[in-house]
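Enquirer: Going by the numbering used here, the sequence shown opens with residue 1212, and the numbers climb by one from there.
Simulated from the structure, these hints should not be mistaken for lab results. The C-beta atom is built at its ideal place from N, Cα and C for all residues, glycine as well. There could be a bad hint or two in this list.
[To be verified] Here are the in silico distance ranges between beta carbons for each label pair:
hint, residue 1, residue 2, range
1, Gln-1366, Phe-1316, 19 to 29 Å
2, Phe-1257, Pro-1335, 47 to 57 Å
3, Ser-1362, Lys-1240, 19 to 29 Å
4, Glu-1264, Ile-1312, 18 to 28 Å
[Stated by the list, open to error] Cut-off 35 Å, straight-line C-alpha distance, at most; resulting in silico cross-link-like pairs (DSBU-like, lysine-lysine):
hint, residue 1, residue 2
5, Lys-1372, Lys-1306
6, Lys-1298, Lys-1347
7, Lys-1347, Lys-1262
8, Lys-1306, Lys-1262
9, Lys-1347, Lys-1240
10, Lys-1306, Lys-1244
11, Lys-1372, Lys-1347
12, Lys-1262, Lys-1298
13, Lys-1240, Lys-1372
14, Lys-1306, Lys-1240
15, Lys-1372, Lys-1244
16, Lys-1244, Lys-1298
17, Lys-1262, Lys-1244
18, Lys-1298, Lys-1372
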Amino acid sequence: MTEEKNSPKSGNGAAQAEQSDRPDFSIQKVFIKDLSFESPESPEVFMREWKGETNIQLNTNARPIDEAAGAFEVELGLTVTTESDGKTAYLVEIKQAGVFILRNFAEDQRNHLLGAYCPNVLFPFARETVADLVLKGGFPQLLLQPVNFESLYAQHLQEQKQQAGGDPAEPTQQA
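Generate the whole structure from the sequences, applying the supplied hints.
Expert: Structure (structure tokens):
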């Protein structure tokens, strides 16, 4: 019995303290925070030859929701505008969000997770929703290409360093 008390599985205080200092990351919830689909030129848009040109804007935002628990909300915003013959065929706006737990990370690691890794987790959910809405709106399938959030985050840090007045570790970015 003495051996069991000293094993990490038995609840040894030293082992628990060591485990509590380890970095911990988990996804608690992924959800749609806001969603909009507009087709201002329908049904006339369906009567014209389709010449779709798509513009995509994306941004991310992270905020603490329970600092003691290490809980953060990360929000990925996508705006997809497609025009045909110079007129807006459809507009999709989505705010895909998630609640993530991040404990025991250095500030730069935490900011990297919030600014690059978490948006990368959220993007496939947003991409699927956009594809479904566009198709259900009567338009040709739209498959958004993968986004390199690591590169966008690095670019954001570089821009922050150049601005000298901003915090280079701030996880908010726009592309």
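Enquirer: What hint numbers does the structure not satisfy?
Expert: 2, 4, 11, 18
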